[in-house]
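As they're listed, the protein sequences go chains R and A.
According to this note's numbering, the first sequence is numbered sequentially starting from 1.
According to this note's numbering, the second sequence is numbered sequentially starting from 258.
You may find that some hints are simply not true.
Claimed, not checked - Quick look at which bits of chain A chain R covers, simulated, 3 or more residues with Cβ under 8 Å:
no., region
1, 470-477
2, 480-489
3, 494-504
What the hints assert, rightly or not - Listing some non-contacts, in silico: residues in chain R with all C-beta distances to chain A over 10 Å:
no., residue
4, F44
5, L111
6, G160
7, Q176
These aren't lab readings, by the way, just hints derived from the structure by calculation.
Think of the CB as a built atom: it goes at the ideal place given N, C-alpha and C, for glycine as much as any other residue.
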Amino acid sequence: METPLAVEHEARPELRHHFADEEQQRNAASLGMWWFLGTEIMFFGGMFCGYLVYRRMYFAEFAAASRTLDLKIGAFNTVVLLCSSLTVAMAVRSAQLGKRKMQVRMLLLTLVFGLSFIGIKGFEWHKKYVEHHIPTFNHYNVISGDGALTKEPGNAALLGLNDERMKDPVKLQQRQDEIQRRTKIFYSLYFALTGMHAIHMIVGVGIFIVITWMAHKGRFTPEYHTPLEIAGLYWHFVDIVWIYLFPLLYLIDRRGA
Amino acid sequence: MATVAVPVERKNYLNAEYGIRSWLFTTDHKRIALLYLVSITAMFFVGGFFALLIRLELLTPAGDLLLADTYNKMFSMHGQVMVFFFLIPSIPAVLGNFLIPMMIGAKDLAFPRINLLSWYIYIAGAGLYLWCIFSGGVDTGWTFYVPFSSLFSNTHVIEAGLAIFIAGFSSILTGLNFVVTVHRMRAPGMTWGRLPLFVWSHYATSIIMLLGTPVIAITLVLVVLERTLNLGIFDPSRGGDPVLFQHLFWFYSHPAVYIMILPSMAVVSEIIPCFSRKRVFGYTFVAMSSIGIAVIGFLVWAHHMFVAGISLYSALVFSFLTFLVAVPSAIKVFNWTATMYKGSLSFSTPMLYAIGFIGLFTIGGLTGVFLATLGVDVHVHDTYFVIAHFHYVMVGGAVLGFLGGMHFWWPKITGRLYPEGWGRLAAVIVFIGFNLTFFPQFILGYLGMPRRYWDYSHMPEWQGLNVLSTAGASILAVGYLLPMVYMLWSLRYGKIAGDNPWQATGLEWKTPSPPPTFNFDETPIVTEEAYEYEKMPLPEEVSLER
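Excised from the complex, chain R in its bound form (with noise of 0.2 Å):
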């Protein structure tokens, strides 16, 4: 049965037939974007919880541990999702023009800055891997060999390795344990938090393939793009979220390193 309202909406393929025009729908979709990505702060913010709660209880090991991490590619993957995050919003921009070619160009230019920072983690996970840092595995070692904490300068003195009484033998195999013990949580909320991150940013590779292709078929003109735009919102977050990963797990204490 044909009602008026639907004969109204045949023109309009982009208008759903349960709104009553485009902006509604276009708030409905932005404000759910928005929501959903409250969950996700929820979502992480259990697990920095965890993370604030140990530092606090551990932070001599947190901050030895920390200065493990490749400053320099973490910092120039940093770089790297901070541009991807700058092409998605002159992506957002072109559209609202409504240049195509510009669009679909700078999506591209997204999906590689947003590739390459997977890959460059993978990198850094596995020079973690070699290095013994993997909490899961039995080689898992932070006292000697290619991973020995006290390989970066400071570290030493920092976990108290350098006192009087770890001249003990004894004295000086507790404390061992115990840094092992304890940088194992730091690496087990680095892996966790970073590996949560990454397959976020997998997720948003998938989606901004979709995306460009939308672009590239011209689906996006000025009056409606709201997926690129929601699509947009969620990087961003994704970004965001590493923003505040960079500091809470590379930059623990650097002074002296």
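Add chain A to chain R, keeping to what the hints say.
Same frame as chain R, now just chain A:
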């Protein structure tokens, strides 16, 4: 088109399309609500089966029916199935889904496809959980407490945790849909001050779903990682902190209690004015108390941990905040009572459930205040007193609300009336069976019977009360089965309901029963506040009774 149409039969959401595909691929919120209704009812009977075995085991002091390990699995899976797969989705996903768009005058929820997706996610979670049950079950208690769940339990903790993780996303998406729908889809003239209280309560519920559920999701992920990758974040022997797990767990799972009870309050707020023929007393207070419960409900979680080694000062603060959350609940109870005062009451089935709700929820809530008192909590912590308390809230509150709501809106959902006499009988049976089951447990708990014990042969004097409780549980079971039977019967033989059998206010009653696919033939324009019962005529049956 080819069907021979009976000219008088109206097209509605049920007969618009036929066939299994028209249900599995529907985006109609009303059909999705029915999909949920069937699936949560199935899960309810799974959880009920475990409860039955628990009560049978406790009939005699000796641990003779089940093995100790089996008993542990029974109460764990009873709790997890009932909380995560029945109570949390119950009213929101069924009645909320069905009614919210109609109550605010919209054609559908804001994101119909996401609504369908959330049902599929629920089915995936429930399916995984059933698989976990059939492959041997889980014995951690419904709370998954570490380090038992991470280091010692040899049961299917990972499957159970992931099942609940998955089901959590279904409730996040439902909450998201409700919030956006209430903000963006209201009909012209439907201001916030004119929203039915049902919608207000569901709005508050959705906020808890959105902000709480992700936290338990990540907590369960951490437990799963702890088990699979041997991490040690919660393992005290490796520097981890098991109390941190309890904090994270209860940060969701205490507000989850309000996810279960607020929708029941939503239902009661609709039923009471209708069967009192009066405007609800103190609309703004009832609406705001829902928001108050949602906000304060987030600040009370550590009252589950008074004996877990938290500091005295934080225990005092959480004790105080827990007293505080009783205030908005009390406001609601007083306002419902005041609504009934000098109203012209009729004790139809939904009203019986609503009145039962007020009484039982009051007992459940007040015993909650006892438990929030530090000294009392130390005495009755982990006893049957706690079990009785939260069953008064979750069964006496949430399940009675669900049954009341199902009866109230059954004519709207199906277009047919259930048999009123049987309805009242079942409501009375549920009320008696419930009290007989759970009131003795208050006494048992006060006498010191611990929860989760399978054998109490060292205290044979507890048997009498346990026999009462088991007897009550079988009466309660009859009370649950009866509505299922006569409601299914009414689908075919029930009287045709008409658009508004109760002469209730609210937009959902202004559209035909069952409603057309897009709810309204033309978008309604709202010109008055909710609950204008002074202007409504008395329902036919009520006027006949007088």
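Hints and how they fare:
As drawn, the region 470-477 of chain A meets chain R at 6 residues by the rule of a beta-carbon pair under 8 Å; at three or more, the given contact holds. For the region 480-489 of chain A, the stated coverage by chain R is satisfied: 5 residues place a CB nearer than 8 Å to a CB of that chain, which reaches the threshold of 3. Counting residues of the region 494-504 of chain A whose C-beta lies closer than 8 Å to any C-beta of chain R gives 6; at least three are required, and the coverage claim holds. Its closest Cβ contact with chain A, about 7 Å, brings R:F44 to no more than 10 Å, contrary to its assignment away from the interface.
Every C-beta of chain A lies more than 10 Å from that of R:L111, the closest at about 25 Å, which supports listing it as non-interface. Taking the minimum C-beta to C-beta distance to chain A, about 16 Å, the non-interface status of R:G160 holds against the 10 Å cut. For R:Q176, the condition that its CB be more than 10 Å from all CB atoms of chain A holds, with the nearest at approximately 14 Å.
Checked against the numbered hints above, the structure breaks only hint 4 and satisfies the rest.
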